[in-house]
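Asker: Heads up: the sequence lines are chains A and B, in that order. Take any residue in the first sequence, note its place counting from 1, add 108, and you have its number in my numbering. Take any residue in the second sequence, note its place counting from 1, add 363, and you have its number in my numbering.
Hint data in this document are derived by calculation from the structure and do not stem from the laboratory. Being a predicted model, the structure only gives us computed values, none of them experimental. All the pointers check out, no bait thrown in.
Pairwise CB distance ranges (calculated): (1) A/Arg208 / B/Arg409: 28 to 34 Å; (2) A/Val330 / B/Pro384: 25 to 31 Å; (3) A/Asp448 / B/Pro384: 49 to 55 Å; (4) B/Asp448 / A/Gly280: 25 to 31 Å; (5) B/Ala452 / A/Asn377: 40 to 46 Å; (6) B/Ala452 / A/Ala141: 40 to 46 Å; (7) B/Leu399 / A/Gln388: 19 to 25 Å; (8) A/Asn228 / B/Arg376: 30 to 36 Å; (9) A/Asp177 / B/Pro384: 25 to 31 Å.
For every residue, glycine included, the Cβ atom is placed at its ideal position computed from N, Cα and C.
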Amino acid sequence: MTTDRPTTLLAELTHRCPLHCPYCSNPLDLVRAGQELDTDTWKRVLTEARRLGVLQLGLSGGEPLVRKDCEEIAEHARREGFYTTLVTSGLGFTRQRAERFKAAGLEHVQISLQDADDDNAERIAGVRSVKQKRAAAALVKELDFAFTVNVVLHRENLDRIEQIIELSADLGADRVELANTQYYGWGLVNREALMPSPEQVDRAFEVAERLRQKYRGRMQMVFVLPDYYEKYPKPCYGGWGKVYVVMSPDGKALPCHGATNITTLPMPNVKDHSLEWIWQESPLFQAFRGDGWMKEPCVSCERKCVDFGGCRCQAFALTGDAANADPICHLSPHHHLIADALGQAGREVPFTYRAIAPEPQTA
Amino acid sequence: MALTSTSRPSLWRFARVEFDPVRNRPVLLYPEGAVLLNETGAEILRLLDGRRDLADVAGALKARYGAEDSAGVEEILKDVTEFLDGLAARELIRDD
Numbered sequence: 109m110t111t112d113r114p115t116t117l118l119a120e121l122t123h124r125c126p127l128h129c130p131y132c133s134n135p136l137d138l139v140r141a142g143q144e145l146d147t148d149t150w151k152r153v154l155t156e157a158r159r160l161g162v163l164q165l166g167l168s169g170g171e172p173l174v175r176k177d178c179e180e181i182a183e184h185a186r187r188e189g190f191y192t193t194l195v196t197s198g199l200g201f202t203r204q205r206a207e208r209f210k211a212a213g214l215e216h217v218q219i220s221l222q223d224a225d226d227d228n229a230e231r232i233a234g235v236r237s238v239k240q241k242r243a244a245a246a247l248v249k250e251l252d253f254a255f256t257v258n259v260v261l262h263r264e265n266l267d268r269i270e271q272i273i274e275l276s277a278d279l280g281a282d283r284v285e286l287a288n289t290q291y292y293g294w295g296l297v298n299r300e301a302l303m304p305s306p307e308q309v310d311r312a313f314e315v316a317e318r319l320r321q322k323y324r325g326r327m328q329m330v331f332v333l334p335d336y337y338e339k340y341p342k343p344c345y346g347g348w349g350k351v352y353v354v355m356s357p358d359g360k361a362l363p364c365h366g367a368t369n370i371t372t373l374p375m376p377n378v379k380d381h382s383l384e385w386i387w388q389e390s391p392l393f394q395a396f397r398g399d400g401w402m403k404e405p406c407v408s409c410e411r412k413c414v415d416f417g418g419c420r421c422q423a424f425a426l427t428g429d430a431a432n433a434d435p436i437c438h439l440s441p442h443h444h445l446i447a448d449a450l451g452q453a454g455r456e457v458p459f460t461y462r463a464i465a466p467e468p469q470t471a
Numbered sequence: 364m365a366l367t368s369t370s371r372p373s374l375w376r377f378a379r380v381e382f383d384p385v386r387n388r389p390v391l392l393y394p395e396g397a398v399l400l401n402e403t404g405a406e407i408l409r410l411l412d413g414r415r416d417l418a419d420v421a422g423a424l425k426a427r428y429g430a431e432d433s434a435g436v437e438e439i440l441k442d443v444t445e446f447l448d449g450l451a452a453r454e455l456i457r458d459d
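The following block holds chain A by itself, in its conformation from the complex (with noise of 0.2 Å):
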């Protein structure tokens, strides 16, 4: 049991997507159409998350607005009193269906950008794009939503961050995420390419500083540093099970994206359970809260309670145990994954593209 009460809902209601961004988020084994919960099932797991204290949604991919239903189900969330937010790549983010998502009561809409130089852009996505996110992002402002244009980032991109930023702001964007590439799932099998030089996250961090500033008031700005690069790993979204939660499109509810890397542990889904028991009594959001599941050198460091040991999805990717360190961190065992990946940037490999495997042949 846990008194702790989440506050944020990552509800993937489909991995089918028209973008192929070798950073994807999702998992590399993705959820086919024929798998994903239906509008009923969603709505209920909407109720339930809302009495569970969740406050904040995110409607997410893949690209949700492949789903017809995406409206109906940001209008149930407005009326169960949930801030929601609809993260999409503006694919598909049509003027009627804009209209229908105002009318729902939607309050935020996230756009993601690829790059601020047009062919780069849409080399990354996989796709022709730009076009379409564009005016996508004119809708967003005549409508009046709260937008936010976020960035992944990495060696192809990060040297025009200025231009970003600019783009974003002439856009209108009220926000900004650039948050640099995790190397989870796709990004992981893509490291090598994506993986940026020292130097250049040095420099695109004083560039956003310096432009944060300028914008202030006018354009927020969050930006999140490579964790390769840092002495420290990062505290997963303030700990296991603390506060989020991310569901994927077949029902599984999972404490960070990355949980369906971890193997040795069984992944609750909505279908068998409610989402309470997920939250409250699951082996899975029970396994690394607190600090009992800790080895050394995380059980006896004074920073446990400040980064708890970093990402468990992290270290199960790269060590095969979830209860290792973060790999991250200087004082790891392992810490040296991390220097031989940073020694393999930069080699000029092509990108594995995100794409759902064949269906399987039957004989």
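Go by the hints and put chain B onto chain A.
Answerer: Same frame as chain A, now just chain B:
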């Protein structure tokens, strides 16, 4: 940018105060975030309309809670300013 007694700030137009029945307290909701409030904090935010200055807000709070709280208007103004400075640092309060 520090707020003063003559500042006339307003809540960011994409933020709103709601009552959360689960936690039995008011909350400030805005894109990608939430702040748990107490009743006085929520009352301060309700009083911000871009016309009242902070001295007016402190006066209104004194009038409302004066009978049960002996704090003077000066002391209330200090607390109000400190509370709102914290929110202004997060760009949730706009003074322009």
